[in-house]
Every structure is written in C-alpha cells, then in structure tokens.
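Using the sequences plus the hints, can you model the full thing?
For the sequence shown, the working numbering gives the first residue as 41, with consecutive numbering after it.
The reader is advised that the hints may include incorrect statements.
Label-pair ranges, simulated between beta-carbon atoms [said to hold, decoys possible]:
1. Arg-79 with Arg-183: 55 to 65 Å
2. Glu-180 with Thr-66: 36 to 46 Å
3. Thr-169 with Thr-118: 25 to 35 Å
4. Asp-330 with Gly-138: 41 to 51 Å
5. Leu-213 with Glu-113: 56 to 66 Å
6. Glu-428 with Asp-481: 37 to 47 Å
7. Asp-481 with Asp-582: 14 to 24 Å
8. Glu-428 with Thr-118: 52 to 62 Å
9. Thr-491 with Pro-337: 21 to 31 Å
10. Glu-69 with Thr-121: 51 to 61 Å
11. Pro-337 with Thr-66: 30 to 40 Å
12. Pro-337 with Leu-259: 43 to 53 Å
Derived by calculation from the structure, the hints in this document are not laboratory data.
No experiment lies behind these values; they were computed from the predicted model shown.
C-beta: ideal position from N, C-alpha, C; glycine also.
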Amino acid sequence: MPETLDLRRLFDATLSPLLVLTPDFTIVEVNRAYLTATRTERAIVGRPIFEVFPDNPDDPTADGVANLRRSLETVVATGRTDTMPLQRYDIPTGEAGGFDEKYWSPVNAPVLDADGRVTHVIHRVEDVTEFVHARRVGREQRRVAAEAQMRAEGMEIDLFVRAREIREVNEQLRRVNAELDAAGRRLREEQQAKDRFIATLSHELRNPLAAATAATELLALDMPDGHPALSVLERQLGTLVRMSNDLLDGTRALTGRLELVRERIDVRSVVESACADIRGLFGHESRQLDVGLPAAPVVVDGDRLRLAQVLTNLLSNALKYTPPGGRTEVALRADDGRARLTVRDDGIGFDPAQAEDLFGVFMRAAPAGPDTPEGLGLGLAVARTVVELHGGRISAHSEGPGRGAAFTVLLPVVDPTAPEPPRPVAVRPARRQLSILIVEDNADLALTYRTLLQRQGHHVTAVHTGADALTATEDGLFDVVLCDLGLPDVDGYTVARTIRARPHGERVRLIAVSGFSRGTDRSRSRTAGFDAHLAKPLPLNDLVDLLERPDPA
41 MPETLDLRRL
51 FDATLSPLLV
61 LTPDFTIVEV
71 NRAYLTATRT
81 ERAIVGRPIF
91 EVFPDNPDDP
101 TADGVANLRR
111 SLETVVATGR
121 TDTMPLQRYD
131 IPTGEAGGFD
141 EKYWSPVNAP
151 VLDADGRVTH
161 VIHRVEDVTE
171 FVHARRVGRE
181 QRRVAAEAQM
191 RAEGMEIDLF
201 VRAREIREVN
211 EQLRRVNAEL
221 DAAGRRLREE
231 QQAKDRFIAT
241 LSHELRNPLA
251 AATAATELLA
261 LDMPDGHPAL
271 SVLERQLGTL
281 VRMSNDLLDG
291 TRALTGRLEL
301 VRERIDVRSV
311 VESACADIRG
321 LFGHESRQLD
331 VGLPAAPVVV
341 DGDRLRLAQV
351 LTNLLSNALK
361 YTPPGGRTEV
371 ALRADDGRAR
381 LTVRDDGIGF
391 DPAQAEDLFG
401 VFMRAAPAGP
411 DTPEGLGLGL
421 AVARTVVELH
431 GGRISAHSEG
441 PGRGAAFTVL
451 LPVVDPTAPE
461 PPRPVAVRPA
471 RRQLSILIVE
481 DNADLALTYR
491 TLLQRQGHHV
501 TAVHTGADAL
511 TATEDGLFDV
521 VLCDLGLPDV
531 DGYTVARTIR
541 ARPHGERVRL
551 IAVSGFSRGT
561 DRSRSRTAGF
571 DAHLAKPLPL
581 NDLVDLLERP
591 DPA
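The following block contains the structure:
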C-alpha cells in the first residue's frame, strides 16, 4: 500500500510562510517558514495574532494592525480570499521592545466547512522588504541622476576647472590602485610565508616524534616480554603524532572525517583522568565537582583521546555556565548494552526548545554580552561529531532558564571478557639482506633507524649531510637510500636527482623519509626521482613492508 501522506509535515515543509487563524483571529497553527520569516517560535500558537504582532509604537503612522484586521474581517464575512496590497508591518525584535521595519505581500484565504461557513483563515505572506528597499534605492538613484544632469548643464563655464579636478581624482585612483596592488602582493607573500612556516613546523615536530617512536620500537625489540612503560610510551607518542597531524593537516572534528584510533577502553579511566585534569579549575569560587563511577568496568571500543575530549568539552561548558558555589555532577553507568555518561550542573540552564540548537556550530547557551563567557561555541558541535563517529548519541536537557542543564552521552559497550586483538610489538625479520644508506641530519633518529634495520639483518650506513650522501653513493654500493628532504646543505631533492643522473642511478631504490609530507612535497619528490615518499614518524613495520616489495621496474 502507498505510504499515507503526512499533511502536517507537508504543511511544515511548505516554503511560503503560512499562519492558520480561527475566525476570532487566534493562531492555531504555523509552519517553519513563517517562524523563520518573523523570527518567532511555536510558543505563538494559541495567542491572538494582534497580541503577537502589535503595531510599532515608535511609528505614529503605523496601520499594519488596522489593515490586516480589515482584510481578515472581510474574509470571515464574505467567505472569499482577500489579496492585500503591499503592507508595511514592523515585527518585534524581542529585545527591549524594539521593532524591525518589514514589508509584506499578504493573502488571506478562508477554509470553509460543508455548509460554507468559515472555520479558519489561512494567512500567507511573503517578505518583500528587500524589494521595497531596492525600489527605494532605485528612486533615490534616479533623483540623484536627475540632479547631476542639472548640475552638469550649469557647469559648462567651469569646464577647465572640472577637468583639472577629474585629473586629480584619476591620480588619486591610480595611487589607490597601486596601494591595492601592493597590499595584494603582501597578502600573497604572507600566504606563502604561512605555507612555508607550516611545512617547516611539520618537519621540526615530526623529526623528534619520529626519533622517539623509533626508539620505542627498539626498546620493544630488546624487551620481548614487554614493559608497562612501553605501552605508555606507545599510547602517548601516538597521541602526540595524531595531535600534530590534526594541527598540521588542518583536520577538524567538525568535518566528520576524523579517523579514530580504537582500542578496548574502560570508560571509568577516561572519566577519572579527564576529571582529574580539570578538577583544579572547579576549585575556584567554591564550585564543586562530584564524580560517580560504577564498581564494574564499562568497556567500549573507542578512541581514548577523543572520548576524553568529549568529556572535557562538557565539563568546560558546565564550568562556564555555573555560577560561583555551583555544583556539577558526572555520573557513569552501564544501561541496557550502552555506556551512559551524564554531566549535570545547576547553572543557567536553557529553554528546552533550544536543546538541539545547542549542538550547532557557533551556538552558545547564553546570548552574546559583556557577561557571556569566552568561547566560539564549537565545543558541543565537536562533542557530537566525536560521539557519532563512535556510533553513539549525545543529547541535552534543561527544565528551563536558571534550572541547570544535563548532557547525556550514550555509547555501545563491548563484552569485557572477549579477547582483544593482539597488538604486534616485535618486528618480523627481513626476508632478504639489503645494503641501505640512511641520510638523516637528526643524529638520534639516524642512529635508531640504523640499529633497527641492522637488527633486521641489513647492512646499514648512516650519514648526516647531502654532500656525504653523494660521496657515499658514487660507486653504487647501496640497494636502498633512505633520504631526508630537509638536509643542512644539499637538500634531498638534489641528492635524488644527482644519484639518478649517474650510470648506476636507475638501479638504486630511493625512498624519501621526511616531515615534509604535503601534496606538493610528494609531487616534488616524485619529479626528483624518489620511488616512494614516507612521512615521519615512520613505524618500522611499514618500512619493512616497503623494503620487501619488489624493486620498481
């Protein structure tokens, strides 16, 4: 059977602003377009229209109420549609009795019962304020043009004087254009400088991260039975790498494209660490933070860093909107196959109708003003994005202004007794021995990579400058050259081009390993002759996989 048409949804989706009135002019229904056009809310339903939309008391000539009432009375009396001429009818702004100047094109149509009696009146309007303003501007422009013509006719005697003035204006325009061109060049130079700064920052951050990551892998090889500190190092280095990538690559949670690094997590530990980090801020001005955790683990498959970010955003929100002496409660429990995390405060609260709007970008619980807490209004939008990426939901609730707020996060839980997939810490031995040259100006990183690759059975040489790399490769002794791009003398691109130009250059496998990893960097490395481009920090297993691939034809 065909799906039943939902007339209410159809009415609400209508693009024209519509209002339904009783014969005594009480509002009984309104669609979303009307609420948007008049900047009102559904609370107007049940109120007389002229109570909701009175005349502007600051306009002694206002006749919007009288004209509309006359049209509505005509429709009720005759049972026929009445199309009103264009009307000025200012609407309240909701701020200290203010009104906005508005112009409308109204049509009032009757709804008749079987006996022809009027049961309702449909009031349809179109906002034509911009059209009226444009027409007003057009008239003003025509008036100005007419006056200009009159002045021009009387200025013939001053022709030479005006010509000189025109030359001066043209000279000013040329100067302004020159200044604009100079400003444009400065902006382009600043953009290029910003790009160079980001690329350099990427390289400088990733070099020490790469060295620390490689050193951690080396420790894992030396301690096959594991060590508690290794897991901490792996987790924290992974967090630093991912945060650096978010900064340098411009990844934002709001795009919905954030990649999660999932692991088996007891949400209790996330709550404990996040609350411990922020508890000191609640101590100011006698605010109280209470945390309630269950005795049993609440395990989810999620990203520890991002889930902590969600809770931190909610706690920061509570801190902003809770007055001195206020109380915030964090509660976690398992509920019907889900982890339920609730952050509840006794702060300023909000209108329940605003609950969904709070998760919009740049939305704030309090209107802008001198006492409004600082912030861009992004925290809740980011929190919703992260929660939804985990397959969960987040919602807000308040009993009204001044009655506090509660935010609830629901996440799917997993069986804590199920075995977690093992995380490899040992690197498998290489299938073949290679002669490898490492070109890296960071001595710690060069030494660590050299040690790791030697553990794999390879013959490894390390140099720290481009000149030494060119000298070492003159006789073609190496199967593979791992080369950094940002070297202190000759850059990696020049090293690659020089090696490729030699008689034996095509037999060497060139791999760029660098903190410079933008699209333009990869394109330049391919053009210079590199076979592959790897971004720092580079996990050793990824490097081993690359070395074991067949040499390029």
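How the hints compare with the structure:
1. Arg-79 with Arg-183: 55 to 65 Å: violated (33 Å)
2. Glu-180 with Thr-66: 36 to 46 Å: holds (41 Å)
3. Thr-169 with Thr-118: 25 to 35 Å: holds (30 Å)
4. Asp-330 with Gly-138: 41 to 51 Å: At 42 Å between Cβs, range holds.
5. Leu-213 with Glu-113: 56 to 66 Å: With Cβ atoms ~60 Å apart, the hint holds.
6. Glu-428 with Asp-481: 37 to 47 Å: holds (43 Å)
7. Asp-481 with Asp-582: 14 to 24 Å: 22 Å Cβ-Cβ, so the 14 to 24 Å window holds.
8. Glu-428 with Thr-118: 52 to 62 Å: The hinted range 52 to 62 Å holds for Glu-428 and Thr-118, with Cβ atoms some 54 Å apart.
9. Thr-491 with Pro-337: 21 to 31 Å: Violated, since Thr-491 and Pro-337 (Cβ atoms, about 39 Å apart) do not stay within the stated range.
10. Glu-69 with Thr-121: 51 to 61 Å: Since the Cβ atoms of Glu-69 and Thr-121 sit about 18 Å apart, the hinted range of 51 to 61 Å is violated.
11. Pro-337 with Thr-66: 30 to 40 Å: Violated, at about 57 Å.
12. Pro-337 with Leu-259: 43 to 53 Å: violated (29 Å)
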